[in-house]
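> If you're matching them up, the sequences are chains F and X in order.
Going by UniProt numbering, the first sequence opens with residue 1, and the numbers climb by one from there.
Going by UniProt numbering, the second sequence opens with residue 1, and the numbers climb by one from there.
Mixed in with the good hints there might be a few duds.
Unchecked claim - Derived DSBU-like pairs (lysine-lysine); straight-line CA-CA distance at most 30 Å:
1. F/K198 - X/K341
2. X/K218 - X/K189
3. F/K199 - X/K341
4. F/K259 - F/K249
5. F/K83 - F/K70
6. F/K192 - X/K394
7. X/K341 - F/K70
8. F/K199 - X/K394
9. X/K23 - F/K200
10. F/K155 - F/K106
11. F/K106 - F/K249
12. F/K199 - F/K70
13. X/K311 - F/K83
14. F/K192 - X/K191
15. X/K394 - F/K198
16. X/K191 - F/K70
17. X/K191 - X/K341
18. F/K83 - F/K106
Read the hints as simulated data drawn from the structure, not as lab findings.
For clarity, every value in this text was computed on a predicted model and none was experimentally measured.
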Amino acid sequence: MSLRIVVAVKYVPDATGDRHFADDLTTDRDAVDGLLSELDEYAVEQALQIAEAADDAEITVLTVGPADAKDALRKALSMGADKAVHVEDDALHGTDVMGTSLVLAKAIEHAGFDLVVTGMASTDGTAGVVPALLAERLGIPQVTLLSEVAVSGGKVTGRRDGDAASEQVEASLPALVSVTDQSGEARYPSFKGIMAAKKKPVEALDLSDLGIDAADVGLAGAWTAVQEAAARPARSAGTIVKDEGEGGKQLAAFLAEHKFI
Amino acid sequence: MTTTGSTFDSALLETEERRALRKAVGALGRRYGRDYFTAAVREGRQTDELWQEAASLGYLGVNLPEEYGGGGGGLAELSIVLEELGAAGCPLLLLVVSPAICGTVLARFGTDAQRQRWLPGLADGSLRIAFGITEPDAGSNSHRITTTARRDPATGGWLLTGRKVFVSGVDIADATLIVGRTEDARTGKLKPCLFLVERDTPGFDFRQIDMELSAPEKQFQLFLDDVALPADALVGDEDAGLLQLFAGLNPERVMTAAFSVGMGRYAVGRAVDYARTRQVWSAPIGGHQAIAHPLAQAHIELELARLMTQKAAYLYDAGDDMGAGEAANMAKYAAAEACAKAVDQAVHTLGGNGLTAEYGLASLLTASRVGRIAPVSREMILNFVSHHSLGLPKSY
């Protein structure tokens with residue numbers, strides 16, 4: 001039977017752009033062009049590699065986001081995913097990790113899955129907890145922050161690199177994995193992939209399709225709220241240590257003063 | 001690095017697929033970048049890694065027919081590939097000749113056997129074909145070409161004699177498509193014909209011309225003295241040579257324009273980065289109009305040239321060879337002028353740094369001149385427009 005892989009991806013403002021908060025302290029999506037989160041490209045890449053190694057696999061890429069989020073799905077489809085699911089609903093504006101994981105879980109159940117693959121965090125919200133919340137909601141094992149991942153014999157295995165040790169971890173399918181930016185560079189879409197992407201199915205869903213109460217999502221339904229946001233102050237000029245014989249000592253004194261040594 | 005934005009980011013002007021191709025090729029190009037390109041030039045090697053990777057993603061054969069492994073797109077797509085690689089600082093010059101001229105000519109006019117032999121390799125980048133037209137005494141005037149082929153009665157093949165100059169990449173190309181002439185059996189007049197000369201053909205003599213150009217691809221002179229070619233070295237139909245030739249020259253002009261626009265965008269991007277961050281006294285220099293306005297002007301002129309390039313590619317892909325000819329000439333002219341001006345202004349924006357090896361802009365001063373001279377000079381285009389577009393008397 002076909003291995004059903006669902007990759008959850010996010011459409012985010014380009015991290016190289018000049019990003020801002022909107023007036024309601026949510027992400028300002030108008031100020032900067034959006035794209036498929038770079039960290040989620042790693043998830044798409046690992047899903048593609050798992051699918052290529054499997055006899056028979058199908059990759060569904062899933063996103064929750066505004067109309068433009070289709071661009072993120074299209075990118076993943078052009079990289080080689082087979083089909084897409086787009087959950088779009090005006091009531092979703094301002095949804096936090098709790099609401100996002102709820103919507104993703106319902107959509108993943110709707111799509112059908114053996115393996116869920118995610119990135120390690122989004123490049124805008126960067127909470128990094130959605131994979132864990134999602135596994136909990138789906139009631140499946142989670143093996144997160146993998147730098148290597150493979151599927152065989154009904155199990156997903158992988159390597160999780162920590163500061164002190166590297167763990168070999170595994171879980172029985174169905175399961176959820178998240179992969180890090182060390183898992184391997186994502187491929188570029190080939191020209192054939194780009195041309196094929198438009199013909200691949202994108203299923204559009206809203207909250208009522210998934211049986212979700214609008215009160216459980218959006219800004220009002222969020223468990224967390226951003227109270228205040230301020231631009232990071234500009235970096236102040238550094239201290240230049242000029243070596244006139246005492247440079248080493250001055251440098252050490254500077255580092256000691258700032259508790260680096 | 002800043003890559004300057006464009007009105008082409010609008011989905012109203014370019015299809016979703018073409019915009020996706022731009023983004024993908026741009027991302028690949030930026031991963032290699034200018035440093036990769038200049039290191040290859042310095043070390044005297046080719047930018048093969050980029051060529052291979054772009055090939056495996058199908059970017060080099062976007063314009064070639066799908067049945068031969070190409071992408072089934074057109075010149076619009078191929079010019080996007082070259083422009084975006086150029087805007088990232090690492091153009092692949094042979095795209096102008098191998099898939100654009102030679103791939104087009106073979107796909108449109110080659111025999112089945114010639115297509116089978118060459119197109120799959122051109123599409124996947126494993127084969128390259130150079131293009132030799134310019135002669136020491138005829139320039140690129142195809143009516144004055146003296147390289148001549150005559151039938152070899154002993155073999156039924158051809159004996160090709162002549163000289164060519166400024167042929168790019170002969171050393172790394174598996175064959176060179178040579179523009180020659182044959183004698184018309186009926187009228188005795190000479191008519192253009194295209195011949196594929198494989199690199200290892202006995203008597204095929206090519207010598208490198210020392211150029212003051214920083215490019216991985218080298219320039220060559222060719223010396224052909226009764227070089228024996230098989231009968232199937234003749235491309236397509238002996239009687240359709242001129243048509244075939246022009247079918248290849250329009251893509252060449254469009255691709256040269258894309259090459260210039262890419263280089264110009266790269267130069268403006270570097271200058272804009274510098275002007276934003278370089279601070280003299282209290283403010284970034286980009287806040288001064290003497291710096292800002294010429295860069296804005298360069299950007300506008302590149303955008304205009306790009307628009308004409310797209311128009312030419314559009315007409316060509318739609319099958320209007322005549323309409324594409326005028327637009328392609330205008331695009332080549334406009335892009336070369338815009339590029340030369342953009343590079344000039346970029347270097348000037350950086351002041352002394354514009355001439356350092358570290359910033360790598362100075363070498364573009366010569367490179368940006370190529371588009372003004374090749375494949376036809378600015379003046380030949382002005383002749384064409386004077387005569388064909390404006391109906392003025394011919395000057396030569």
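> Confirm or reject each hint.
These are the hints, each one checked on the structure:
1. F/K198 - X/K341: Cα-Cα ~39 Å, so violated.
2. X/K218 - X/K189: violated, 35 Å
3. F/K199 - X/K341: violated, 42 Å
4. F/K259 - F/K249: The hint holds at about 15 Å.
5. F/K83 - F/K70: holds, 12 Å
6. F/K192 - X/K394: violated, 47 Å
7. X/K341 - F/K70: violated, 39 Å
8. F/K199 - X/K394: With Cα atoms ~52 Å apart, F/K199 and X/K394 exceed 30 Å; violated.
9. X/K23 - F/K200: holds, 20 Å
10. F/K155 - F/K106: Holds, at about 23 Å.
11. F/K106 - F/K249: With Cα atoms ~61 Å apart, F/K106 and F/K249 exceed 30 Å; violated.
12. F/K199 - F/K70: holds, 14 Å
13. X/K311 - F/K83: violated, 34 Å
14. F/K192 - X/K191: violated, 40 Å
15. X/K394 - F/K198: violated, 50 Å
16. X/K191 - F/K70: This hinted pair is violated, its Cα atoms lying about 55 Å apart.
17. X/K191 - X/K341: violated, 39 Å
18. F/K83 - F/K106: holds, 17 Å
Of the numbered hints listed earlier, those contradicted by the structure are 1, 2, 3, 6, 7, 8, 11, 13, 14, 15, 16, 17.
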